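Q: Chain by chain, the residues run as shown.
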Amino acid sequence: MISVLRWLVWREFTLALRRKAEILTTLLFFVIVVSLFPLGIGPEINTLREIAPGVLWVAALLASMLSLNRLFADDFIDGTLEQLIISSQPLALLVFGKIVTHWSLTGLPLVLISPILGMQLGMDGDSIVVLMLTLLVGTPVLSLIGAVGAGLTLGVRGGGVLLSLIILPLYVPVLIFGAGAVESVQAGLGAEAHFSLLGAFLIGSLILAPVGAAAALRISLD
Amino acid sequence: MSVLSKAFWLKLSSPKTFFPFAGKAVPVFAIITLFLATISLYYGFILAPTDYQMGDSYRIMIVHVPAAWMSMWLYLVMCAYAIIGMVWRTRLSDMMAGAIAPTGAMFTFLALWTGALWGKPTWGTYWVWDARLTSELILLFLFFGFIALRAAIDDEKRAARASALLACVGIINVPIIYFSVKWWNTLHQPMTVDTSGKATLPTEMLTAMLLMTFAFWAYTFAVSFMRVRNQILEKEKNSAWVAETLGGEK
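Residue numbers (the working numbering), protein chains in the order written: chain R, 1 to 222; chain Y, 1 to 250.
Possibly wrong hints are sitting among the right ones.
Derived list of chain Y stretches under chain R, where covered just means 3 residues or more per stretch with a C-beta under 8 angstroms from a C-beta of chain R [what the hints assert, rightly or not]:
1. 155-162
2. 230-242
If we take Cβ atoms under 10 angstroms as the criterion, some of the chain R residues that face chain Y in the derived model are [as the list claims (entries may be wrong)]:
3. Arg49
4. Val148
5. Leu152
6. Arg157
7. Gly158
8. Val161
9. Gly204
10. Ile207
11. Ala209
12. Ala215
13. Asp222
Just so you know, these hints were derived from the structure itself, not from any lab.
What you are looking at is a predicted structure, and each value in this text was computed from that prediction instead of being measured.
Yeah, the Cβ is synthetic: ideal placement off N, Cα and C, and Gly gets one too.
Just chain R, same shape as in the assembly:
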């Protein structure tokens, strides 16, 4: 089972690294969206610092959602997905492998670049560390939940817009507690409660989302 997972992750990485532009697109989207806020709201640094956690989290949410389209789409078009479904390995495991790769290529870069954007919005050191930690725990949840939606909307007309309509409401709890953790640190309060909840989301979705996404794929390819 582990060897299958290793093979799948290796395959996904190879495929992704041959199209580096796609990884960069998500990252650039994140940077551009965040940079738009100072232009729209004005360069008042105190205001920006106040809204920074929310802005960064919403931008991460959108970036992660936009990249979901590609999670299964290519494999769906060239028939690989059907082969994965009829293989003797559990589909949930294979889906899990795909999600892990997808997160490390789209979610992890967001986490790594977030300190620069945080500084751009005038956040202080402590808040930036907390921001990175919340994104580190939170973005995998986004990829995991998103995989279910990506599976359901596979090959559906207007899939992209539909995906955002069904997935964004499910993202809301992660957004609330992710941005909430940073805000409460900025306000001088602890963020343990927020982190506990984010961790709970992560564990819950790690267990349930691959199974759900596998079921979604089976429905879509029935």
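For this one, chain R is given, so just place chain Y on it according to the hints.
A: For chain Y alone, coordinates are given in the frame of chain R:
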């Protein structure tokens, strides 16, 4: 066949039997709705005394509270039908899930709308980003997502199963709404009707609310039965029994 026998209920799950049954049930439920709603309004507006804190504005709760209850209940009922449809592959359950969704969305919207109207005189604002309001808003989006996903997929079976899975993922929101006023101490007042039995309301108001809840239930049955009837006709338009029934009715 007697209404109480088990065979009757099992037979109802076939569209052919359900169609005439629903046709008879719709007017009955419509009359029940009108009857209960009228009594409820009489209790709520005329018999119930004016509240010493909120004045007359609190009377809106005879619509607000039942609508909020219904929004959560209908989501659960919708999920239950969707799961039954997924497990036993009964077409009628899928149709029921699809038929309940618009009514559920309507009640969610109604709860938010009446809440806003009630919030203005008591809190001084139509809307706050309070835990309960936000989670109710998410519930509205979940209903919309369910309806949109169903509408976007052409293949009926796939649409039913995909939306069933989506409904099950979203179900986690229902307990969050229900307990939000307990978990987070925000602006929305705690539950007015508690299971502990200590009612903080005049009895007339409580009666009005319960009557309105039953009226809403009857309304839901009437409307969703009508929708299911239309769906059955659409799907089975080429079958012999539809031609027979419609030919007979004309």
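Q: Would you mind marking each hint as holding or not holding in the structure?
A: Against the structure, the hints come out as follows:
Residue count for the stretch 155-162 of chain Y with a Cβ under 8 angstroms from a Cβ of chain R: 4. That meets the three needed, and the coverage hint holds. Counting residues of the stretch 230-242 of chain Y whose beta carbon lies closer than 8 angstroms to any beta carbon of chain R gives 0, which falls short of the minimum of three for the stated coverage. Interface hint at arginine 49 (chain R): violated, since its Cβ lies 20 angstroms from the closest Cβ of chain Y, which is beyond the 10 angstroms cut-off. Of the supplied interface hints, the one on valine 148 (chain R) holds, with its beta-carbon coming within about 6 angstroms of a beta-carbon of chain Y, less than 10 angstroms.
Because the smallest distance between the Cβ of leucine 152 (chain R) and any Cβ of chain Y comes to about 5 angstroms, under 10 angstroms, the interface hint for this residue holds. At a threshold of 10 angstroms, the smallest CB-CB gap from arginine 157 (chain R) to chain Y is about 6 angstroms, leaving the interface hint in force. A hinted interface residue such as glycine 158 (chain R) counts as satisfied when its beta carbon comes closer than 10 angstroms to some beta carbon of chain Y; here the least separation is about 6 angstroms, so the hint holds. Annotation: interface hint on valine 161 (chain R) holds; nearest CB of chain Y at approximately 9 angstroms, less than 10 angstroms.
Checking glycine 204 (chain R) against chain Y: minimum C-beta separation of about 9 angstroms stays under 10 angstroms; hint holds. For isoleucine 207 (chain R), the suggested interface contact is broken, since its CB lies about 13 angstroms from the closest CB of chain Y, more than 10 angstroms. The beta carbon of alanine 209 (chain R) is positioned within 10 angstroms of a beta carbon in chain Y (closest approach about 9 angstroms), and the interface hint is therefore held. Satisfaction of the interface hint for alanine 215 (chain R) is found here, the shortest Cβ-Cβ separation to chain Y being roughly 6 angstroms, below the 10 angstroms cut-off.
Hint status for aspartate 222 (chain R): holds, given a least beta-carbon distance of 6 angstroms to chain Y, under 10 angstroms.
Violation of the numbered hints given earlier is confined to hints 2, 3 and 10; the remaining hints are satisfied by the structure.
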